[in-house]
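Okay, here's what each chain looks like letter by letter:
2 protein chains.
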Amino acid sequence: MRAKDLDSLSAEVIPVKMNFEDRLRRARDDMRKSGIGMMFLTYGANLWYLAGIRRQVPHTTDSNAYGDYLCGAYIGADDGLILLVPRMGSGFYQLEAEKKPWIDEARIINESETPRNVLADIVKQFQLDRRGIALDDRAWIQGALEFEHVLPRSRISLASEIVAPMRMIKDVDEIAVMKKAGQITDAVYGEVLGFLKEGVTEYDVSYEIDHQFAKRGVEYPSFATGVRFTKPGEEQRTDIRRATDRPLKRGHSVTFDFGTCYEGYCSDFGRTAFMGEPPPEFRKIHDLIIQAQGSAIKAMVSGKITAAQLDRVARSMIEKAGYGKGFTHRLGHGIGVTVHEPPFLYPPDETKLASNMTFTVEPSIRLPDSYSCRVEDVVMVTEKGGLPLSNFHKELTLI
Amino acid sequence: MRAKDLDSLSAEVIPVKMNFEDRLRRARDDMRKSGIGMMFLTYGANLWYLAGIRRQVPHTTDSNAYGDYLCGAYIGADDGLILLVPRMGSGFYQLEAEKKPWIDEARIINESETPRNVLADIVKQFQLDRRGIALDDRAWIQGALEFEHVLPRSRISLASEIVAPMRMIKDVDEIAVMKKAGQITDAVYGEVLGFLKEGVTEYDVSYEIDHQFAKRGVEYPSFATGVRFTKPGEEQRTDIRRATDRPLKRGHSVTFDFGTCYEGYCSDFGRTAFMGEPPPEFRKIHDLIIQAQGSAIKAMVSGKITAAQLDRVARSMIEKAGYGKGFTHRLGHGIGVTVHEPPFLYPPDETKLASNMTFTVEPSIRLPDSYSCRVEDVVMVTEKGGLPLSNFHKELTLI
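Chains as they are written, first to last, in the numbering used here: chain A, 1 to 399; chain B, 1 to 399.
To be clear, the hints were calculated from the coordinates, so they are not data collected in a lab. There may be inaccurate statements among the hints.
Stated by the list, open to error - With a cut-off of at most 27 Å between alpha-carbon atoms, the simulated DSS-like pairs for lysine-lysine come out as follows:
hint: 1; chain 1: A; residue 1: K304; chain 2: A; residue 2: K320
hint: 2; chain 1: B; residue 1: K197; chain 2: B; residue 2: K231
hint: 3; chain 1: A; residue 1: K249; chain 2: B; residue 2: K215
hint: 4; chain 1: A; residue 1: K215; chain 2: B; residue 2: K197
hint: 5; chain 1: A; residue 1: K384; chain 2: A; residue 2: K304
hint: 6; chain 1: A; residue 1: K284; chain 2: A; residue 2: K325
hint: 7; chain 1: A; residue 1: K215; chain 2: B; residue 2: K249
hint: 8; chain 1: B; residue 1: K231; chain 2: A; residue 2: K215
hint: 9; chain 1: A; residue 1: K215; chain 2: B; residue 2: K215
hint: 10; chain 1: B; residue 1: K100; chain 2: B; residue 2: K17
The shape of chain A in the complex, shown without the other chains:
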C-alpha cells in the first residue's frame, strides 16, 4: 500500500472484510511444502487471523473446562477445518463458526467422552502419513503430550513457522482497521488528558482510559493499561497492575502506555505529560525522545534497513546525548492481531523491513527514581519511510 492510498481511507467506512479463505489457502500451501499434514491452533491470535474466530475476553485466573487442552481448530493441509469446543461456553464458538463455509464443523467435547479418544477420532480425518503436525506455540504441554501419545511418529513443529511470516505483512484491510484503531486511541487520549488533575491516582486514570475505550465500543485493551506518575525522590513502583494508587501532584511527569483491540487488531500508544512547570532537563529529554522517534520513523524504508539496525538509529542518538542507560527496552515490536509479534526491533532480529509491516516505535528515557519520558506510535513501513497510524500531537502536555 502506498501512503496516498492510506490517506484516502475514510475512518467512518472501514471495509472490515478480512479474506480468511485466502489466508487459509496460503497457509495450506506452506504446510504442504513443509511436509505438515495438520495444524492445531488454540483459540487465539493465529486462529483469528486464519479463520476469523474472534477471541473472547480472557479470564484473569485459570478457567478450566472439560477437555480444554485439546480445544481449538484442527486444520488439514489438504482440506478440512474442525473446531473442537468445550461444552461449557460452546454457544459462542458455534455462533462464530456460522456463515463461514471454510469451517466444516464445531464439535463439542462432552464430559462422557475421553479427550484422548476424541483427539484420535479427529486426527483420523486428515492425511497424516509421514507428514508432521504443527502446534500453536502457546498450546499447552498438557495437550501436546496427548498429541505425542496419539501420533507418536509425527514430527512436531511450531505453527508460528507457517503463520508468523504471513502475519508480518499487513494487507489493505488490516491497515485500514489498524488506522481506525489508532484514531480511536488518539480520541481516547484527548479525552483522558482532561481527566488529569491533582489527586487522581494512576489507577483512576488507567480506569478512565479503559472506560473511554469501552464507551466507543471497542473490544478490550490490547494489553494492561499503564499509567505512571514519577518525580525525583519517588521510587518507581512495580506492582501486579501497571498503575498504582499513587496520587498526582505538582512536579510529576505522567507517562502513558496503552492500546485497544478494534475489530481484532491492536493499537499501542504512548505520550508524556507534566503537572506544573517541568525543569529544563525534562524538556531536554522529552525533545530527545521525540527526535529519536522521528529519525527512526524516517528510516523505516522498505528493503533498506533491518529491525536491529532501526533499534540502533534511535538508541545511538539517546546514547550520544548521555541517556543510554535510561532507555531500558527494545525500540519497538511488530503489532497486528497481537500487541507484540515478530519482527522485534532489537539486536537479535535481522529481519529486513518491508512495506506494510507495522511496528511500534517507542523510545523512552527513565531517570533512576526520577522522571520518566516516553512516546509511542504504531508506524507502517512504506517505500518512502514510516507512516504513523496514530496522529496525536507530540508536544509535551502541561497540566
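Model the placement of chain B on the given structure of chain A, informed by the hints.
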C-alpha cells in the same frame, strides 16, 4: 478446620502468611517419590501457590518478551529454586524474589543469549540422572520442545500431578483469605444493586462491579465479569465480553456471575434480581435453585459423598421439577488460587469430598430465549456439611 474456628476469624485481621516453605517441602517430597528431578512452573497459579510469586494482571492479547517461553521457576527435587525472568519487566520479579530465602536467584535472560543455552545452563544445576521432569500443564509447547531438545532422555510429566492434590485441601490461612474475599464480594454486590435502574446496560453494570472491587483494593477480577438481562422473546446473546450493550427494562431477569482475586485467592458469586414484578413461574424456578443449592450444601460432608454424587443431588431436584434441560452446566468446581480447579462437580469426577476443600455450588435454570436464574456461593467442606464463605441473602431482589 471446624466451623466454630472459622466463625471466630476477624474479617479485619487476616493472617496472610502462607507457609510457602512448607508447601515447597511437601512438593519436593512428592517429586522424589515420583522420580521427578526438577519441576518447571510458569508465572502462574502453581508458582504463586508454592513459592509466593504473585501474578501480574495478564495482558489481553499475546505479549512477547525475549525467551519468555522458558521463563518461570526451576525447582529442584533436592534443593534449588531459580527464577528465569524476561529482561523486559524484570523489576517486578526481582522484587517478588526479595525476602524469600527459598528462592536462590532471579536470573534475567538477555537478548545476547540463546534461550536453549540458557536452559541447558540452568538444568545442569539439578540432579536429573534417570529422573523425569514435571512441566506446568499450561507451559507452552514452544518451551516444551526446548526441554525435549536439552533433556532428550527425560520423561516429561505434568506438574499438576504434584501440585493439584496439594491445592485441593485449603489450610487455615487460605480459608481465612477466601472468607475475606467472600465478604468483599458480598459488599460489592450490595453496592451494585443500588446501581440497577432502567436503561443501564449489562456492560455498565459489569463495569461498575469491576470498579467497586478496584476501589476496595483487590487485585483483579478472578474471571471476566458476567451480567445478563433476559426475558421472554429476547435472544440470549453470546459475545466476546460476558456483558453486552443491552439496556435494562421492566420484565428483565438480571443474573450475576463474578468474583475477585484477593491476596491471590479467588471468589466466585452469583445471584438473581428482577426488574418489576416477576411472573409466578419465575418465582418458582428461583425457589427451586435456592432449594437445590441448599440441599447440595447440606450434603457436603467430609468423606461422605463424591464430586459426581454432589452434582446429582442438585441436578435430580431440578430434573424432577421438569427443568433439567435448563441446567446446562456442572454444579460447580474447586476454587482457590484459580477460579476453576479440581475437583469438579460433574459426572467424570469421582473424588471423595474432604474437609477444607472449597467449591462453588451454582445451580441455574435458563429457559430458552427467556428468563435466567442462578445462585452461586463458595462453600467449604466440613465434617458437618458445607459452610458458605459468602453470606449475601438469597431472596429474589426486586428492582
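Proposed proximity, B:K17 with B:K100 (alpha carbon, max 27 Å): 12 Å, holds
Restraint check for A:K215 with B:K215, where alpha carbons must lie at most 27 Å apart: 20 Å, holds
27 Å limit on alpha-carbon distance, applied to hinted pair A:K215 and B:K249: 20 Å, holds
Proposed proximity, A:K325 with A:K284 (alpha carbon, max 27 Å): Status holds; Cα separation ~16 Å.
Pair hint A:K384 and A:K304, alpha-carbon separation not exceeding 27 Å: With Cα atoms ~10 Å apart, A:K384 and A:K304 stay inside 27 Å; holds.
Pairwise hint evaluation, A:K320 against A:K304, where the allowed Cα distance is 27 Å at most: 23 Å, holds
Restraint check for A:K215 with B:K197, where alpha carbons must lie at most 27 Å apart: Between A:K215 and B:K197 the Cα gap is close to 19 Å, so the pair holds against 27 Å.
Straight-line alpha-carbon gap B:K197 to B:K231, limit 27 Å: Distance of about 16 Å is within 27 Å: holds.
Hinted pair A:K249 and B:K215, Cα distance within 27 Å: 20 Å, holds
27 Å Cα cutoff - pair B:K231, A:K215: Satisfied, since the Cα-Cα distance of roughly 25 Å is no more than 27 Å.
In the structure shown, no violation is registered for any of the earlier numbered hints.
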